Amino acid sequence: MIFSYNWLQSYFKKKLPKPEKLAEILTMRSFEIEEVKKTGKDWRLDIDILPNRAPDCFSHIGIAREISAITGLNYQDSSLILGENISRPNGKTKDFVSIEIKDKIACSRYTARVITDVKVGESPKYIKERLKVCGLQLINNVVDAANYVMLETGQPMHAFDLDKISGKKIIVRKAKKGEKIITLDNNKYDLAQDILIIADEKSPLAIAGIKGGKNAEIDNKTKTIVLEAANFEAKTIRKARQKLKLQTDASLRFEHCLDINLTEQAINRAACLIQEIAGGKITQGLVDFYVKKVLPKTIKLDVAYVEQLLGVKISKKEVIKILKSLGLNPAKSGIKLKILNIEIPTFRLDLSIQEDLIEEIGRIYGYERIKPVFPLAVLIPPKRNIDCFWQKKVKNILKETGFTEVYNYSFVNEKDISVYQSNKHKTAVIELENPLSAEQRYLRPCLISNLLKNIQKNQKLFNEIKIFELGKVFRSGIKTGVEEKRMLTGILTGDDMFYQTKGIIDSLLNKLGISNVLYNNCKELIHCSQKCAEIKINGKGIGILGEISAEILAQLDIEKKVCVFAIDFEKLQKHCSEEIMYQPISLYPSAVRDLAVLVPREIKVVDVLNKINIAGKKLVRDVALFDIYEGEEIQEGKKNFAFHIIYQAENRTLTSKEIDIIQDKIIKTLEKDPEWEVRK
Amino acid sequence: MIKIHMELKKLEITARKDIKSAKNLKDLDDIFKKYLGKKGELTLILRSLKNLPIKERKTQGKIANQIKKDLELIIQEQKHKLQASSFKIQDTGFDITVPGKKQDLGHLHPLTLVRRKVEEIFQSMGFSVVEGPEVESEWYNFDALNIPKEHPARDLWDTFYLKQKKLLLRTHTSPVQIRYMEKNQPPLRIIVPGRVFRHEATDAGHEVNFYHIEGLMIDKKGKVSVANFKAIIGEFFKRFFEKEIKIRLRPSYFPFTEPSFEIDINCVNCLGKGCSVCAQTGWVETLGAGMVHPNVLKAVGLNPKFWQGFAFGVGMDRLAIMKYKIQDIRLFYGGDLRFLQQF
Ligand SMILES: [Zn+2]
Chain A
6 MIFSYNWLQS YFKKKLPKPE KLAEILTMRS FEIEEVKKTG KDWRLDIDIL
56 PNRAPDCFSH IGIAREISAI TGLNYQDSSL ILGENISRPN GKTKDFVSIE
106 IKDKIACSRY TARVITDVKV GESPKYIKER LKVCGLQLIN NVVDAANYVM
156 LETGQPMHAF DLDKISGKKI IVRKAKKGEK IITLDNNKYD LAQDILIIAD
206 EKSPLAIAGI KGGKNAEIDN KTKTIVLEAA NFEAKTIRKA RQKLKLQTDA
256 SLRFEHCLDI NLTEQAINRA ACLIQEIAGG KITQGLVDFY VKKVLPKTIK
306 LDVAYVEQLL GVKISKKEVI KILKSLGLNP AKSGIKLKIL NIEIPTFRLD
356 LSIQEDLIEE IGRIYGYERI KPVFPLAVLI PPKRNIDCFW QKKVKNILKE
406 TGFTEVYNYS FVNEKDISVY QSNKHKTAVI ELENPLSAEQ RYLRPCLISN
456 LLKNIQKNQK LFNEIKIFEL GKVFRSGIKT GVEEKRMLTG ILTGDDMFYQ
506 TKGIIDSLLN KLGISNVLYN NCKELIHCSQ KCAEIKINGK GIGILGEISA
556 EILAQLDIEK KVCVFAIDFE KLQKHCSEEI MYQPISLYPS AVRDLAVLVP
606 REIKVVDVLN KINIAGKKLV RDVALFDIYE GEEIQEGKKN FAFHIIYQAE
656 NRTLTSKEID IIQDKIIKTL EKDPEWEVRK
Chain B
10 MIKIHMELKK LEITARKDIK SAKNLKDLDD IFKKYLGKKG ELTLILRSLK
60 NLPIKERKTQ GKIANQIKKD LELIIQEQKH KLQASSFKIQ DTGFDITVPG
110 KKQDLGHLHP LTLVRRKVEE IFQSMGFSVV EGPEVESEWY NFDALNIPKE
160 HPARDLWDTF YLKQKKLLLR THTSPVQIRY MEKNQPPLRI IVPGRVFRHE
210 ATDAGHEVNF YHIEGLMIDK KGKVSVANFK AIIGEFFKRF FEKEIKIRLR
260 PSYFPFTEPS FEIDINCVNC LGKGCSVCAQ TGWVETLGAG MVHPNVLKAV
310 GLNPKFWQGF AFGVGMDRLA IMKYKIQDIR LFYGGDLRFL QQF
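Chains A and B, in that order, are what the protein sequence lines are.
So the first sequence is numbered by this note's numbering: it starts at 6 and just counts up by one.
So the second sequence is numbered by this note's numbering: it starts at 10 and just counts up by one.
Next comes chain B alone, as it looks inside the complex (with noise of 0.2 Å):
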């Protein structure tokens, strides 16, 4: 009995010494043999536990079955040990300098990127998005708009006409102001995106088509004022271009907006310094806006005397061009993959 037990212990020791020292797969798998084979040794040792009175039998057995498990434990180790090992060696050609395989993913247009942005961050504010047509009435482009037949301030907006009735490309997304106005009751908060077209020769900073997003706050008299636009339009920089950008107010003028100004922004390129950006000036005009002209109201059947709001328009090719730093507007409609892949 005693002879069992000290058998099993010397054969335990031995067994493992020799599992850690196995060089390789098939070392280990002659020692699996060896041991826990048909014919191995401990397997032996377990078959003539058979022999013995019932007692001993199951005190031996379960130390022998405890060291069968213990065994096959170790083996198992030792193999991952000596599989892990084996890989490192196979490897060493491995280049990790080897470019990696070229997915073909697609690309969004940077003018729908900054679209998306812009539309994320008015939402967030409370401002629902609206689009309009892109052909236009002259009601809606201008008149509506207190921008009057014959009258110069027309000539500001270069407009394209169709043979067609009295029918023009919208210069500007303004008109859908007077469309939502007529159909909505205020308080309102809309921004309308959408594509503008200009009569005019183009360069690098003008196009024939472009992007307007138009913005229009109107609420009760008193409650919305240039101070609450100088706001929603500061916080609207500051997330457009992830940074603390300093805007100023100029005095200018547009027929439907009473006070009107321009909004120049610290440019983003020298942040203020001065730079061929900027023409030196350290900022650059990105947005028209004002005060809600009495007679806009008056077009949709408001009574200024008791609504108010501000409006505001900004070319959406211009925060683009600032944002990614892009040389010249052209390439937004010029169709180079080997632009638009870069977005």
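Just chain A, same shape as in the assembly (with noise of 0.2 Å):
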């Protein structure tokens, strides 16, 4: 919000800081400034008011009183007129408006001066000035006047003209149906049913607490005005505001709550400035609609508490000296106790606790004279957190494996559902209520989606990729709603990856330390029919893996073939362990003999792993797979698998002869199929 520099500085006898100092100060005590700028002979402050300072520092006589709180200059509030005092009275000001408030909770206070024989014409320089440097729009002096003590006060307000009211009757209630208003700017607005009004006995007159209207607008031929300082309820103000799309300086006021007792403070102040700048005459008394008569409050302040809570030793003659400062007053008759009854004036309605009195003292007191210390705590070791664990191990292992970890967005749009989703599971996909754009319409339900774009951005720059990323993906769920959980995807690009993806799952499975590992055929939408493979671990699905089927490469414009493994985290991390159990090394050498079977082509490499491991019983320690071969030179339907078998005893040297003997008889087993075929 903007202030005015040379304004604050008309409430204080003695010279303020310089502007930039001000800021500074400002800063470290009250609130951020977020801007100090030099406009003609002023310089124009913008103020981050913090949110619950709202309903008295909108306003500068509010910045004034923190200013004197901070730096112990005297203050003058100039605003604190009694309006009777100057008045020339000319008739009852109830002869010449009635209210009727038929909304009391959205409106607990209407307060209404009449002011006759005024002069509309141009504002006097100064408030001219003042109102432009905090960026208000100059109208005519009656106005301008309205809104010059709104800025002052913070009490937002509003002149009708007074012979444009029917029935000389005010009205607060909410719309009827169908109901219009055309605002000051011109602008329409049709009103719902839920929006409070002020009107007269035939139309609407203005929104109430948000903008005037034109029917009892003031021209340049007003004479007698109705001015209106009211209390509306944040909530109705608010609502209306979101409905209509339209906030003013009035509707910032009013959803940030206000002193229900500013009211008559503003009204008096507003009528004699209209009175001194614009002539006229103010009549005697107010009209004023006030129920509930709101008195200051008290908050117990346990003294000891303030060094509790601050860990600073505050003598308690300086709490009473920081409190005095911002009007807040202890009862006198307490005041040698431990406990102060401090009075709370009803500007502050941030204030309804002691730790709220507290924030006051440190505040004001300074936070940089607080000293760090260390705290004296139990010594409690922090917790472990095993599934933080697991991440962080899993995360280090495909980095080891050359993986390059990325982060994406958590949403996905129409296309990627339809793309990988098939109808059944569409359903459960979830959809934002208020997404920012189409692009992030929907929570992701996998992470394959965005890797994929990934893959897509950067194909042209790298020649391989490896990929993967760790993160939430949600589906509906049927008891909560919403069913969230880890998924550990990766993606690698290059011709028949199956194989080399298929190998960094067994080294991160056997690095996690889980053996057990099965893969089963699978057929999900996305891949390849055939290259694709469930991952059981212990007889239970883990995950996937697999090849991207060549339409969603090609809807997606990713000229590399692609290999993908999606693994649940929370199921994976079930099955993790820590332990490692050592294998003792053999003290005897190994010998290792080649074997090249012809077997037809739909026999899988398990085949004859199984029959060789069965053959070679215990003396065979390791059977690895070191070719795959078919085509020319080979019979049609055949393919050759060779391997290297490595014979090794606990407790002996094995001899040649020996060795000899088992491979025989893991090729006599071999060929015991006739289609099978041992090449010498």
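What the hints contain is simulated information worked out from the structure, not anything from laboratory work.
Be a bit skeptical, because a hint or two may be false.
[Said to hold, decoys possible] Lysine to any residue pairs mimicking SDA-like chemistry, simulated, CA-CA at most 25 Å apart:
| # | chain 1 | residue 1 | chain 2 | residue 2 |
| --- | --- | --- | --- | --- |
| 1 | A | Lys516 | A | Ala629 |
| 2 | A | Lys400 | B | Arg347 |
| 3 | B | Lys43 | B | Arg66 |
| 4 | A | Lys579 | A | Arg480 |
| 5 | A | Lys109 | A | Asp195 |
| 6 | A | Lys305 | B | Arg204 |
| 7 | A | Lys465 | B | Leu346 |
| 8 | A | Lys240 | B | Arg207 |
| 9 | A | Lys173 | A | Gln280 |
| 10 | B | Lys192 | A | Gln578 |
| 11 | A | Lys400 | B | Pro313 |
| 12 | A | Lys302 | B | Asn155 |
| 13 | A | Lys490 | B | Arg204 |
| 14 | A | Lys541 | A | Phe503 |
| 15 | A | Lys26 | B | Glu294 |
| 16 | B | Lys175 | B | His160 |
| 17 | B | Lys229 | A | Lys490 |
| 18 | B | Lys42 | B | Lys77 |
| 19 | A | Lys388 | B | Arg207 |
| 20 | A | Lys400 | A | Gln280 |
| 21 | B | Lys232 | A | Ile375 |
| 22 | A | Lys20 | A | Lys329 |
| 23 | A | Lys302 | B | His160 |
| 24 | A | Lys484 | B | Lys282 |
| 25 | A | Lys302 | B | Lys282 |
| 26 | B | Lys282 | A | Ser357 |
| 27 | A | Lys376 | B | Trp292 |
| 28 | B | Lys126 | A | Asp392 |
| 29 | A | Lys477 | B | Glu129 |
| 30 | A | Lys398 | A | Ile563 |
| 31 | B | Lys172 | A | Glu419 |
| 32 | A | Lys137 | A | Ser113 |
| 33 | A | Lys536 | A | Asn515 |
| 34 | B | Lys110 | A | Gly172 |
| 35 | A | Lys97 | A | Gly172 |
[As the list claims (entries may be wrong)] Just so you have them, the derived chain B footprint on chain A, three or more residues with Cβ under 8 Å:
| # | segment |
| --- | --- |
| 36 | 152 to 163 |
| 37 | 303 to 317 |
[As the list claims (entries may be wrong)] Facing chain A, from chain B, some residues (calculated, C-beta under 8 Å):
| # | residue |
| --- | --- |
| 38 | Gly135 |
| 39 | Ser137 |
| 40 | Glu143 |
These figures come from a predicted structure and were not determined experimentally.
Glycine residues also receive a C-beta, built at the ideal position from the N, C-alpha and C atoms.
Both chains are sitting in their own frames, so use the hints and assemble them into the complex.
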């Protein structure tokens, strides 16, 4: 909010600190100053008033009060004028206008004054200058005065031309169905039924607390005016403002609540100001609807608690001095006790508990004066977060395997969903009520779609891409509404990456202490049907791996072949183990023999391995596949596997004769099937 | 007898000379053959010893064998010398300026690196790491944190709502405070890293999703104060940036803390002198904090008469931006490998 430095200065006899200096002081003690800008002979201060301080600080008086508390300079609240003293009564106000409040919750106070014989014209120079610095439009002396008093006291005001008010009666009520209003800026608004309005007997005159209407506008011919200073309920104004999409200086203030006792002070100040600059006579008395009078409250402050909370010793004397500087006065009776009764003026709507007072004490005292002290706490070692531990471990393993970690948005668009989801799954996708754009309309049900976009983006710049993400995905669940789980998903580019990907999964699971891994055939929509597998641990599925189908790649303009793995991290984690069992290293040498076998194409490696292991028993320590060949030189419909077989015994050196015998046994076993042929 | 002795001595001297003067491996091999080969001079002498009387044979044999060993040793030494020098000669074309063969190492995301560092520092000060859900209820995200419905304070958090069941995407990781305190008795010290969401237009400084770290310390009344918070947070910044960092507390407002403050740190870029990063102020706003509001303690069933504490929230993206001098927050979520592979 914009404030005028010269205006603030006008409340002080002594010189204020220079604008930049003042900004610094306010920033450290009250509110951050966004900007200090010289405009003419004045300076604009853009002050970021904290929302809880709006009721008392959306005003120059409020800021002057803060400055006074911080600097110790005295200020004079020139808005405190008793209207009656200066007015030249010209009949009683209540004879000029009557008010009726139909909604006493939405409007808890309505104060009106009448001024007759005004001369509408231009405002004096100082008012024009100050309003301009604060960014307000100049209208005429009457309206400018109302605005001026709002910026001064924080109380929004409105002026009506009394002669244009039908029946000389002001009614505060909710709008009726179909009612419309044309506002002062010539915009037309349809008024919904829960919008509070100011009306006369015939039609709406203003949208309460937001903007005035054309009907009772002040113009050059206006002679008699009605001034309004009211207190409207924040919730009502907030809703209306949102509905009408119309935020004004007035609505901003009402939305943050206002001191109900401010209306009287502000209306008197405005009446006097108008009389001063536009002439006219103030009628006698207020017309004031004010049912439930609000009185200052008292907060008990335990002086010892100030030190306990702030961690610095501040004497009781200083505590009292600080509070008094803010207009918060301790009751005289109990001043010697440890607990002070502090009277809170009604304009400090933000203060309700003693912690609020301790904040006031702390900030005026100065947070920089509080010396850092390490807490004396019981030594409790932090708990180990096993979830985080495995996340960290998995990320490290993939990094060691050459993967780059990416973080993608948690959102996807309609197309992403239709590409990756079958109709059955589509209903389970979570949609946002208020997406920022169509691009981000849904919560991601998997990580694959955004990872593929990463590939698309990087494919021209990198030959081989290996990326992964560990992040949350979302689906609607039956019990909880939304089911949220962590997925580990990786993508590799390149031809025939299936086996490499499978190898990576094997190493990953191995490093996580998981054995008993099995790969089953599976048909996921996004994969080529053949090159896709389900990953199972102890017989339970934890994820999939496979190649992305050519159609999907084409849709996404991806030129490279892509292999993906997607693992349910929550499931994976249950199988992870930190235990490592050391296997004794045999003291006796091992021997390697090679073996090549020609088999029908549909035979799987695992079938051959099983036979070798069964025939070789314990003496076969390891069998490693080193080549698969099919094509020329080989019978059609067949393929050739080549293995290294490693023989070793735990208790002796195997003789080559012994090995020959086992190898023969293996060969015989393999050749039992007439279609299989061991190549010699 | 003396003759043999003399012969041996002479042989040793010439052999040593020959070996030392060998220019290449071929020469050396010839020398070996000449003295130690099957028909080598020394071999012949050794063989002739068997004709001597036993006592003589022993003494002379000992000497001759020693010479044999010595010669073998210096031949070996000479061989190594010649081999080494032959390498040198061959390697004149070796070019150390040829680029090294690139190894494909992986990369962790900068936010992962920052998170690890933050966790490590706080864990060393006794804080446990806790996580929570990204989809939250209004109760945990707002009400329990003393942010009532229809209160303008809710506007401070631009929120994504789901179409389902009044759920939302958490706007901070503070709900985990509540979840944790519901299940764990104080005294407690936790930090909560995690992804959060804000419904606002993106630019270099704003993203729709980003990362927060929330901190919470609750202890008996009088045991944990603003002064303690200053010490903990000061230590954190010092260790995070690995240098002395000045901090300052400014008054602020959060519904869930009272008093509340904003923490500025000395601009890491200009060290407080003023630059474009800090808008010439020398300070950068990094963290919101305060003493836990009694209403929050009440919401989890703790009596504010007996317990108090501090809480803080810091944007991890912002820490990363300062640490690595990154200009645009959007780089974190853009998946550009040219960016990610720098970490
Ligand atoms: Zn700087």
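Can you give the numbers of the hints that this structure goes against, from lowest to highest? 6, 11, 17, 19, 20, 24, 25, 26, 30, 32, 34, 36
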